[in-house]
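K.L.:
Sequence:
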Amino acid sequence: MSTAPQPVGVRHSILDDLTGLLSGVLVASLGLYLLSTGGVVTGGTAGLSLLISYAVPIPFGVIFVAVNIPFFALGVAKRGWPFILRSLACVVAVSLLGPLHRAVLGEVPIDPLYAALLGNVLAGVGLLILFRHSASLGGFNIVALIAQERLGWRAGYVQMALDGVVVLLSLIVVSPLLVLMSAAGAVALNGIIALNHRPGRYMGY
Numbered sequence: 001m002s003t004a005p006q007p008v009g010v011r012h013s014i015l016d017d018l019t020g021l022l023s024g025v026l027v028a029s030l031g032l033y034l035l036s037t038g039g040v041v042t043g044g045t046a047g048l049s050l051l052i053s054y055a056v057p058i059p060f061g062v063i064f065v066a067v068n069i070p071f072f073a074l075g076v077a078k079r080g081w082p083f084i085l086r087s088l089a090c091v092v093a094v095s096l097l098g099p100l101h102r103a104v105l106g107e108v109p110i111d112p113l114y115a116a117l118l119g120n121v122l123a124g125v126g127l128l129i130l131f132r133h134s135a136s137l138g139g140f141n142i143v144a145l146i147a148q149e150r151l152g153w154r155a156g157y158v159q160m161a162l163d164g165v166v167v168l169l170s171l172i173v174v175s176p177l178l179v180l181m182s183a184a185g186a187v188a189l190n191g192i193i194a195l196n197h198r199p200g201r202y203m204g205y
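Note that this note's numbering has the sequence shown beginning at 1, numbered continuously upward.
Calculated directly from the structure, the hints in this document are not laboratory data. Ideal Cβ placement from N, Cα and C applies to all residues, glycine included. There could be a bad hint or two in this list.
What the hints assert, rightly or not - For each label pair, taking beta carbons as the anchor points, the in silico distance ranges come out as: (1) L177 <-> L15: 44 to 50 Å; (2) P70 <-> L171: 30 to 36 Å; (3) P99 <-> G152: 22 to 28 Å; (4) A161 <-> P70: 14 to 20 Å.
All chains, please: the whole structure from these sequences, using the hints.
P.N.:
Right, dumping it as structure tokens:
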């Protein structure tokens with residue numbers, strides 16, 4: 001029987017959280033910019049918001065905040081106000097950074113497959129950073145984290161299942177080839193989360 005000491009969590013300082021949350025939203029928002037520029041979609045409420053933005057003349061940021069509101073109500077009951085307030089701040093930050101990326105980088109022509117893969121990898125890394133600082137980008141992130149904490153299901157796998165529904169819905173507005181590329185990207189995103197965000201794997205809080 002092993003007598004090795006169990007890992008002890010280390011509380012993040014305010015500076016740790018600020019730099020972590022800022023890094024997370026910067027990386028995730030850049031990933032979403034690449035997805036939007038490449039004309040592909042991803043899963044989660046970010047993907048759903050992108051999907052809606054392709055169909056209606058409403059800015060992505062406005063849609064993203066609106067779509068997340070019902071999930072924040074769930075999060076308040078299950079995760080508490082500190083998590084929800086951090087997540088809300090991150091959602092607003094990503095919504096504001098989208099137009100900034102577009103203003104600085106412009107509409108750069110980008111291969112859709114490259115956009116799908118790199119955009120989702122960046123979004124996945126950004127989400128992983130946010131999760132480790134007790135925040136999220138709302139929506140399916142909240143559902144996946146609650147399922148992991150309450151049921152022991154890996155957040156990445158839960159989110160992958162939910163994301164699959166969004167990617168399939170994208171057939172309404174994008175071509176089957178772009179949907180296939182988007183699906184590959186969604187698998188990459190959730191694979192990053194499933195492999196790296198496991199119960200007990202990261203002890204900071």
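K.L.:
None of the hints should be skipped; say for each whether it holds.
P.N.:
Outcome of the hint check:
The hint said 44 to 50 Å for the Cβ distance between L177 and L15, and at roughly 45 Å that hint holds. For P70 and L171, the Cβ-Cβ distance of about 24 Å falls outside the hinted range of 30 to 36 Å, so the restraint is violated. Hint check: P99 to G152, Cβ distance near 39 Å, so the stated range 22 to 28 Å is violated. Judged by the Cβ atoms, the range 14 to 20 Å given for A161 and P70 holds: they are separated by roughly 19 Å.
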